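Quick note, the sequences are listed as chains B and C, same order.
Numbering-wise (this note's numbering), the first sequence opens with residue 824 and increments by one.
Numbering-wise (this note's numbering), the second sequence opens with residue 400 and increments by one.
Since the hints were derived computationally from the structure, they do not count as laboratory data.
On a predicted model such as this, the values are computed, not experimentally measured, just so you know.
Where hints are given, some of them may not hold.
[Unchecked claim] If you anchor each label on the Cβ, the simulated ranges turn out as follows: (1) B/829 with C/581: 29 to 35 Å; (2) C/620 with B/904: 20 to 26 Å; (3) C/807 with B/829: 52 to 58 Å; (4) C/1109 with B/829: 50 to 56 Å; (5) B/895 with C/619: 29 to 35 Å.
[What the hints assert, rightly or not] Covered by chain B, according to a simulated footprint, are these stretches of chain C (three or more residues, beta-carbon under 8 Å): (6) 401-413; (7) 427-439; (8) 585-595.
[Stated by the list, open to error] Quick partial rundown of chain B residues pointing at chain C, CB under 8 Å, derived from the structure: (9) 840; (10) 852; (11) 858; (12) 886; (13) 899; (14) 900; (15) 906; (16) 913; (17) 924; (18) 927; (19) 928; (20) 930; (21) 938; (22) 948.
Cβ atoms here follow ideal geometry from the backbone N, Cα and C, with glycine treated the same way.
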Amino acid sequence: MTETPTLRVLTIDDSRTMQSMLRNALEGAGYEVIQGNDGVEGIDVLEAATPPPAVIITDINMPRLDGFGVIEAVRKMDRFRHLPVIVLTTESDQEKKARARAAGATGWIIKPFNSDSLVSAIRRVTQ
Amino acid sequence: MDEILEIFFQECDEQLQELETGLAALAADRAEDDTVNAVFRAVHSIKGGAASFGLQNLVRFSHVYENSLDGVRSDRIQPTKEIIAVFLKSMDVLSDLVVEARGGASVDAQRVDESLTELKVVSGEAPAATSSPAASFDPAESEAEAFSPVPFEFEPVAFDFGDDFAEPASARKIVTFHPHDAMYGCGDDARNILVALTALAHDKGDTAQVECLTEALPAFHDLLPASSYLTWRVALPDSVAESEIRDAFDWVVDSCDFTLESDRAVTETTNSDASDEADAFFDAPASISEDTIQAMVAQSAGQALSRGASLPTTDRRLTAEAFLDDLAPPATIQRDEEPIALTGATVARKAEAASIRVDLSRVDDLMDLVGELVIAQAAVQSLCQKAGTSGHHELMQGIEGMQTLTRDIQDAVMSVRAQPVRSVFQRMQRVVREASSMTQKAVKLVLEGEDTEVDRTLIEKLAAPLTHMLRNAVDHGIEKTEDRIAAGKSPEGCITLSAEHRSGRILITIKDDGAGVNHKRVFETAVKRGIIAPDATLSEDEINNLIFTPGFSTASEVSDLSGRGVGMDVVKQAIMSLGGRIVISSVAGKGSTFSLSLPLTLAILDGMLISADETTMVIPISAVSEAIIVSQSDVYSLPDGTRIISKRGECIPLLPLGVTLGLAGARVRDTLEGAVVLVVENESGSRAALIVDEICGQMQVVIKSMERNYRHIFGVSAATILGDGSVALILDVSALIAAALSQTENKAALGVSELVN
């Protein structure tokens, strides 16, 4: 498998702990990380990002705009209609997954994650 | 990782506060739409972080807590008063578990289990406890069912039994899948699955063969670009485990038809040996007609174009690799898009409008610099005056303008450091909750003016005295429930904790609606403790203030809470050491009110500028109780030469300031007629009279630590820089009083009263 070029990953999470862990893991794997601290900010960052991210990783429970809202918003944007969005959630229950899926999530990562699982999930949609 | 853990704990504190705020709003019935969500999110975030760090106790508890809150969030559960009480109690446990995780005291397991049971009753996971909760509840067992974090594993599990155990290379696993339109709508692509599957084969040192089935492909003019027509068949080496293959489809089980079979049937039809078979698969697409490829390409292009890919070449040998290589990774393409400068600017502005986190030391540095600026500004002013520029109207105007600006900057920096008292006030809810459950009294705490801002250094120091005072209020202030009912009051006691700004200081009041100070009992106790004489006549106010005397306690039984008799005098000392004052007022049967007046900051001090033996010094104004012009007839000398002054029947030791501090050229004056003395008082009410030459004025001074810059000096607490650039020492009043007392201690006891009378 060839080494991926420096890809940008947009992480959207209101928890600084989670954001730090994501940044740690992703930068360690050679990705560039841009962050949004809630859904609204995430969408703003996405619109402004140059170059745009190759994938979005978003939390579900967030103030202002939750993860479902983020996915729906992304799917409505012409430029990002097909951008992979991976939801990050502690809930392993089907209900959350199904809702995220219906909103247009590409996949999910269950917290707590390890960096290997995170990176392979990103590779799954960016190679 | 340690850094992140630290962030996590910081965040826990914030979340706990959020939780407290939210629950308080729920309890007070002023919850807004998002309140329940915010409360839920707080616990949820703690759980998420805790799980990442393997903090099992925290995960276990927050999970159950979260479930109960989820019930409220989804309107399954009505948050009754009882339920909110359970939530509040659980919040305290959660907060203690965070402390425990941080390496603090471990939490009593029984307390945790008790809260867990209550939470489960709320969420309906456990039956309402009619008998002993322990009997029907096994936390370990129900936990295991309730929550098992499943780490996402995408990477194949490395089951490698070696070649000896592997099935013959001939056996293949055939995966057939057909993505639905929906899969493309979710930002996914058949390509991603193909990559994942071929990677599985590569991991086993083998290759995968991909075949594209195009039967469903309509004629070109009927083709809808966004629809999915193709079915893919992938042959993988048998060493690839079924679970690995299923994992590759984990995200698309609902949006992709997928079958997995062994290749027996295929082997039969091709009827060839292993290597040939592989080749056959590899070459399979070559047999597809050129038209089909065109159509296939068109479809792929349709899907690919929609995400910005270029057209694949129409190579006749369409192998998996070639096909995949043609589809450039989406990221590379999206990179080419034009920057949208305008939106970028909008985002930047939004981010600024929110908030930033700044290291506290930077703000402190800024504060220091502003202090220097104030000094420099004053220096310029005094230089100008010296140079006789008072006639230069414009110059003076300029200086005045600068002075105003400097003061504004000082205020602005102060406001950066300022924080609402909310954080410490809200912690008091718990204090009162615990105290009321311990004393079996129903007490509610009402907070007012939580948004009042004070310097953060002060906020941290408020917690201890406030805790003590509130416990006291519950323990001693509020009557027992039956007494309240007998007195015609509401059975639930009410304590109001409020904060407000008043003339450059913060005023904090703690008001209870209890019985008020029992003057008779306080008086009797004071006599018993030898604090006052049995025949003393004291005003009500003086009696009230007796409770601040060291060693005074009226509680007939020493309670767990506030007993041991170290009560209010310790509080008073703490408040005074912050440059504050404390006053009590009380109405029998109606309750007591404690008023605390504190400076807004510990970085700036209201000082009285004095001079003694040609040295200018600063005395904290809060310590000065009065200034007197001495009349020689009030001064008495003790046999060893030390002197005392009598003021309103009280003897105060006189301290020649210059001599005490050992200033050069200082000498004791023969007569004190007309001399200026300042009566200063320490935290415990002891006094001394400092003999000074002159009172020069009153000003705000920026406190500079002596110990950090030089070393500790007797009688000096800190230093400051005056307008003319000179350094002035800020006097340590407590130390001076202690010196004066030790000087006169024994002698005063000897015959002072005789001298006076």
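Outcome of the hint check:
For residue 829 of chain B and residue 581 of chain C, the hinted distance range of 29 to 35 Å is satisfied, since their beta carbons lie about 31 Å from each other. Taking 20 to 26 Å as the suggested C-beta distance range, the pair residue 620 of chain C and residue 904 of chain B conforms, at roughly 25 Å. The beta-carbon spacing between residue 807 of chain C and residue 829 of chain B, approximately 46 Å, falls outside the hinted interval of 52 to 58 Å. Distance hint check: the CB atoms of residue 1109 of chain C and residue 829 of chain B are about 53 Å apart, consistent with the given range 50 to 56 Å.
Evaluation of the 29 to 35 Å hint for residue 895 of chain B and residue 619 of chain C yields a pass: the beta carbon distance comes to about 33 Å. Note: the stretch 401-413 of chain C has 6 residues with beta-carbon separation from chain B under 8 Å; the three-residue rule is met and the coverage holds. Using a Cβ-Cβ cut-off of 8 Å, 4 residues of the stretch 427-439 of chain C lie near chain B, which meets the minimum of three, so the contact claim holds. Check on the stretch 585-595 of chain C: 7 of its residues sit with their Cβ under 8 Å from a Cβ of chain B, so the three-residue criterion for coverage holds.
Hint status for residue 840 of chain B: holds, given a least beta-carbon distance of 4 Å to chain C, under 8 Å. Interface hint status for residue 852 of chain B: violated, as the beta-carbon distance to the closest one in chain C is roughly 12 Å, over 8 Å. The interface hint given for residue 858 of chain B is broken, as the beta carbon of that residue sits about 11 Å from the closest beta carbon of chain C, more than 8 Å. Interface hint at residue 886 of chain B: satisfied, since its Cβ lies 7 Å from the closest Cβ of chain C, which is below the 8 Å cut-off.
At a threshold of 8 Å, the smallest CB-CB gap from residue 899 of chain B to chain C is about 12 Å, leaving the interface hint violated. Proximity of residue 900 of chain B to chain C is violated relative to the hint, the smallest CB-CB distance being about 12 Å (cut-off 8 Å). The criterion of a C-beta within 8 Å of any C-beta in chain C is met by residue 906 of chain B, whose closest approach is roughly 5 Å, and the hint holds. Annotation: interface hint on residue 913 of chain B holds; nearest CB of chain C at approximately 5 Å, less than 8 Å.
For residue 924 of chain B, the interface hint holds, since its Cβ comes within 8 Å of a Cβ in chain C; the closest pair sits about 6 Å apart. For residue 927 of chain B, the shortest C-beta to C-beta distance to chain C is roughly 5 Å, which falls under 8 Å, so the interface hint holds. A hinted interface residue such as residue 928 of chain B counts as satisfied when its beta carbon comes closer than 8 Å to some beta carbon of chain C; here the least separation is about 6 Å, so the hint holds. Of the supplied interface hints, the one on residue 930 of chain B holds, with its beta-carbon coming within about 4 Å of a beta-carbon of chain C, less than 8 Å.
Interface restraint check for residue 938 of chain B: the shortest CB-CB distance to chain C comes to about 11 Å, outside 8 Å, so the restraint is violated. Because the beta carbon of residue 948 of chain B sits about 5 Å from the nearest beta carbon in chain C, less than 8 Å, this interface hint is met.
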